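Protein chains in written order, with numbering that gives the first Met the number 0: chain A, 0 to 136; chain B, 0 to 136; chain C, 0 to 136; chain D, 0 to 136; chain E, 0 to 136; chain F, 0 to 136.
Take the hints with a grain of salt, since some may be wrong.
Copies of the same chain are indistinguishable here, so a pair counts whether it falls within one copy or spans any two.
[Claimed, not checked] List of simulated lysine to aspartate or glutamate pairs, EDC-like, C-alpha gap at most 20 Å:
1. Lys17 - Asp61
2. Lys17 - Glu125
3. Lys66 - Glu125
4. Lys63 - Glu88
5. Lys90 - Asp78
6. Lys17 - Glu118
7. Lys63 - Glu7
8. Lys31 - Glu67
9. Lys17 - Glu55
10. Lys24 - Glu55
11. Lys90 - Glu7
12. Lys110 - Asp85
13. Lys126 - Glu45
14. Lys90 - Asp22
15. Lys24 - Glu125
16. Lys126 - Asp61
Hints were generated in silico from the structure; no laboratory data involved.
These numbers come from a predicted model, not from an experiment.
There are 6 protein chains.
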Amino acid sequence: MMKICRRETFNAAHRLFKPEWSDTKNLEVFGKCSYPNYHGHNYVVEVWIEGSINPETGFVMDLKILKEIIHKEILNRFDHRNLNLDCPEFKGIIPTTENLSVVIWNLLRIKINPEFNLEVVISETEKNKSSYSGNDE
Amino acid sequence: MMKICRRETFNAAHRLFKPEWSDTKNLEVFGKCSYPNYHGHNYVVEVWIEGSINPETGFVMDLKILKEIIHKEILNRFDHRNLNLDCPEFKGIIPTTENLSVVIWNLLRIKINPEFNLEVVISETEKNKSSYSGNDE
Amino acid sequence: MMKICRRETFNAAHRLFKPEWSDTKNLEVFGKCSYPNYHGHNYVVEVWIEGSINPETGFVMDLKILKEIIHKEILNRFDHRNLNLDCPEFKGIIPTTENLSVVIWNLLRIKINPEFNLEVVISETEKNKSSYSGNDE
Amino acid sequence: MMKICRRETFNAAHRLFKPEWSDTKNLEVFGKCSYPNYHGHNYVVEVWIEGSINPETGFVMDLKILKEIIHKEILNRFDHRNLNLDCPEFKGIIPTTENLSVVIWNLLRIKINPEFNLEVVISETEKNKSSYSGNDE
Amino acid sequence: MMKICRRETFNAAHRLFKPEWSDTKNLEVFGKCSYPNYHGHNYVVEVWIEGSINPETGFVMDLKILKEIIHKEILNRFDHRNLNLDCPEFKGIIPTTENLSVVIWNLLRIKINPEFNLEVVISETEKNKSSYSGNDE
Amino acid sequence: MMKICRRETFNAAHRLFKPEWSDTKNLEVFGKCSYPNYHGHNYVVEVWIEGSINPETGFVMDLKILKEIIHKEILNRFDHRNLNLDCPEFKGIIPTTENLSVVIWNLLRIKINPEFNLEVVISETEKNKSSYSGNDE
Chain A
0 MMKICRRETF NAAHRLFKPE WSDTKNLEVF GKCSYPNYHG HNYVVEVWIE GSINPETGFV
60 MDLKILKEII HKEILNRFDH RNLNLDCPEF KGIIPTTENL SVVIWNLLRI KINPEFNLEV
120 VISETEKNKS SYSGNDE
Chain B
0 MMKICRRETF NAAHRLFKPE WSDTKNLEVF GKCSYPNYHG HNYVVEVWIE GSINPETGFV
60 MDLKILKEII HKEILNRFDH RNLNLDCPEF KGIIPTTENL SVVIWNLLRI KINPEFNLEV
120 VISETEKNKS SYSGNDE
Chain C
0 MMKICRRETF NAAHRLFKPE WSDTKNLEVF GKCSYPNYHG HNYVVEVWIE GSINPETGFV
60 MDLKILKEII HKEILNRFDH RNLNLDCPEF KGIIPTTENL SVVIWNLLRI KINPEFNLEV
120 VISETEKNKS SYSGNDE
Chain D
0 MMKICRRETF NAAHRLFKPE WSDTKNLEVF GKCSYPNYHG HNYVVEVWIE GSINPETGFV
60 MDLKILKEII HKEILNRFDH RNLNLDCPEF KGIIPTTENL SVVIWNLLRI KINPEFNLEV
120 VISETEKNKS SYSGNDE
Chain E
0 MMKICRRETF NAAHRLFKPE WSDTKNLEVF GKCSYPNYHG HNYVVEVWIE GSINPETGFV
60 MDLKILKEII HKEILNRFDH RNLNLDCPEF KGIIPTTENL SVVIWNLLRI KINPEFNLEV
120 VISETEKNKS SYSGNDE
Chain F
0 MMKICRRETF NAAHRLFKPE WSDTKNLEVF GKCSYPNYHG HNYVVEVWIE GSINPETGFV
60 MDLKILKEII HKEILNRFDH RNLNLDCPEF KGIIPTTENL SVVIWNLLRI KINPEFNLEV
120 VISETEKNKS SYSGNDE
């Protein structure tokens with residue numbers, strides 16, 4: 000029942016848009032978020048790791064190492080990028096907040112000790128957030 | 000294990016006061032919060048919805064629609080109001096942070112898809128919060 | 000060109016209302032802020048003092064003492080109070096953010112070393128602020 | 000020496016890029032900010048108005064009206080837009096934080112009572128800000 | 000499914016250091032956090048209490064009393080102290096964020112009604128947090 | 000009338016203490032801040048640069064370069080350090096918030112284009128801040 004959290008940020012462009020749909024339907028469903036030339040956000044990522052404390056170090060996991068994993072796996076991929084155009088992780092996936100937290104969770108899950116539970120919380124704006132904890136719990 | 004959150008704010012007056020009790024007992028139990036002419040807060044409401052992602056839209060639920068529900072059901076009722084005097088929802092109910100989160104949860108529960116779990120988090124001040132998730136989980 | 004700042008908070012009820020005007024005119028000018036039964040805010044007060052550093056202590060002014068002055072002069076008067084009904088400082092004064100910063104500035108000015116400049120910044124909500132620095136500068 | 004402030008937010012895409020320069024030089028000067036497919040930000044705009052209090056209303060200027068001006072002049076133009084592609088205001092102007100605050104200041108200046116001083120503060124990220132007060136002061 | 004939260008802060012010095020290890024190994028494992036002359040943090044403590052609402056008061060637990068318990072048990076012990084040198088609670092325990100939340104949880108657990116669940120969330124910096132909920136749940 | 004700002008943070012230990020004074024006098028003047036084994040803070044540094052926009056780049060000054068200067072001159076010196084014991088910059092200087100902003104201003108002034116005005120704002124806690132703009136303005 001011990002959890003730790005590391006917070007990082009990145010800035011990216013995106014739009015919500017389904018190529019199978021007409022522009023009118025996209026605008027109807029996604030509103031301003033579907034505008035063709037993209038908009039963007041300062042995304043905040045909180046990564047929560049649940050596990051037990053290593054009595055040798057007093058750490059569940061070294062937060063410096065967690066920081067490095069987030070930088071290597073997430074910020075290097077998405078920071079200052081266009082999620083729709085630059086990021087193959089979103090091929091066929093609409094970059095909603097929800098899908099972004101799933102994509103980030105999947106990228107981190109394989110880098111984090113499988114004994115630990117993992118939760119990813121994304122703030123897209125001051126008002127909109129999502130949280131994903133996987134299906135394996 | 001997917002959750003989304005919408006954050007909204009409203010400003011209201013209230014006092015903590017039990018009409019069955021004497022003024023002295025009210026002051027003893029509720030302290031400054033019982034002062035007769037009311038005080039007030041900038042309430043922050045975070046509404047968390049837990050459900051699965053609709054593969055058509057990439058949304059658990061459209062956050063624009065959640066925003067509209069919160070405005071219609073909560074802000075229209077309580078913003079710039081006196082919870083004790085203006086709001087029949089608090090008839091016989093002391094407007095503590097705890098009761099406020101229950102009242103808001105009940106108002107939202109009937110407007111939100113019953114397949115989704117619902118949690119309401121209220122910040123009354125920078126230091127005091129409450130969270131209610133219902134009895135049905 | 001050295002300034003220090005102390006931040007404190009208080010919670011109060013108020014309404015914007017001019018007794019000389021009809022209810023209709025009050026509603027026209029002040030909107031929701033004129034509702035008869037009051038609403039309220041978590042007010043944030045930032046008090047900035049400009050002066051030179053005392054070489055004995057390294058302080059412009061001891062922030063503990065500034066804290067005590069703010070508690071005694073401002074929080075004791077306004078915290079958990081109704082600015083319109085309970086506070087003679089607002090007799091004949093509409094408790095707008097602007098007037099609140101003037102009232103607080105006047106109350107503090109006489110307690111602060113006259114060699115120091117004084118600025119009072121009030122946040123009424125996350126979105127609305129005022130700042131007053133007096134007429135004597 | 001009285002100022003009021005209204006805070007609003009919008010989300011936009013942009014890139015820092017000078018068409019007269021080669022891609023290599025753009026990358027050299029602007030780094031990741033020059034990436035071709037844009038990135039984006041949650042921009043925070045704080046508009047400060049300096050003037051004297053109208054004794055009739057207790058307002059320097061009604062913050063509801065200031066809010067409406069910011070929505071009409073700024074958010075309608077830039078929210079969910081690509082500053083480089085969608086906004087003629089940035090034709091020939093690199094959308095740096097600095098230039099953004101000048102553009103916004105110019106758009107607001109003509110809508111605000113000329114007796115009032117105006118300052119526009121932009122937060123591009125949690126770490127980068129700019130502030131512009133015009134040349135006329 | 001009702002929780003309340005009280006937020007308090009304290010400022011303390013600490014270093015991460017294991018006396019059984021050489022300085023080199025300490026530096027290897029704990030990095031800058033092992034520097035010999037200590038560094039420090041503005042710790043934020045959020046105490047979450049889960050229980051049911053007392054229908055007499057509308058409180059799970061009076062937040063004023065929770066505040067007093069946190070001041071007496073936690074801030075009196077740790078505020079403006081050196082966790083390694085001044086605090087017997089950390090004898091033989093490395094003052095990591097994780098261990099700090101366990102120590103604080105243990106100190107509070109015996110003061111809080113055993114019918115209530117307890118969670119302690121510590122923010123060491125804006126980027127690093129831990130949360131502990133005990134073993135008894 | 001154009002200013003830009005970069006925000007950085009560091010964590011350090013310190014105590015307020017004047018060696019010429021007895022322990023009793025130190026405690027009298029500096030209170031808890033004089034405790035012998037140090038306490039610490041998450042210091043927030045905001046560096047404001049005032050100048051005109053370079054029409055070539057749209058920058059007053061490249062914020063990436065400002066970031067590097069702050070890291071090299073300030074964070075490398077003070078992060079995870081004890082201001083009293085480790086930092087010759089505070090030899091004979093009590094590390095109050097005020098003096099810290101002067102020390103940081105002096106270290107930055109010689110690295111920043113002399114055509115630009117410079118202001119350094121330090122947050123020691125959520126409640127205590129100082130700001131220094133030099134004597135040369």
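Right, here's what the structure says about each hint:
1. Lys17 - Asp61: Only across copies: Lys17 and Asp61 sit 15 Å apart there, 40 Å inside one copy, limit 20 Å.
2. Lys17 - Glu125: So Lys17 and Glu125 fail the 20 Å test inside a copy (25 Å) and across (31 Å) alike.
3. Lys66 - Glu125: The answer is between: 13 Å across copies meets 20 Å, while 23 Å in one copy does not.
4. Lys63 - Glu88: neither (25 Å within a copy, 26 Å between copies)
5. Lys90 - Asp78: within (17 Å within a copy, 26 Å between copies)
6. Lys17 - Glu118: neither (27 Å within a copy, 30 Å between copies)
7. Lys63 - Glu7: Cα proximity of Lys63 and Glu7: in one copy and across copies (12 Å, 18 Å).
8. Lys31 - Glu67: between (35 Å within a copy, 16 Å between copies)
9. Lys17 - Glu55: Answer is between: at 9 Å across copies they meet the 20 Å cutoff, but 50 Å inside does not.
10. Lys24 - Glu55: between (57 Å within a copy, 12 Å between copies)
11. Lys90 - Glu7: For Lys90 and Glu7, neither the intra-copy (24 Å) nor the inter-copy (33 Å) Cα distance is at most 20 Å.
12. Lys110 - Asp85: neither (22 Å within a copy, 38 Å between copies)
13. Lys126 - Glu45: Classified as both: same-chain Cα gap 15 Å, cross-chain 9 Å, threshold 20 Å.
14. Lys90 - Asp22: within (19 Å within a copy, 26 Å between copies)
15. Lys24 - Glu125: Cα proximity of Lys24 and Glu125: none, with 27 Å in one copy and 35 Å across.
16. Lys126 - Asp61: between (30 Å within a copy, 13 Å between copies)
Violated hints for the displayed structure, listed by number in ascending order: 2, 4, 6, 11, 12, 15.
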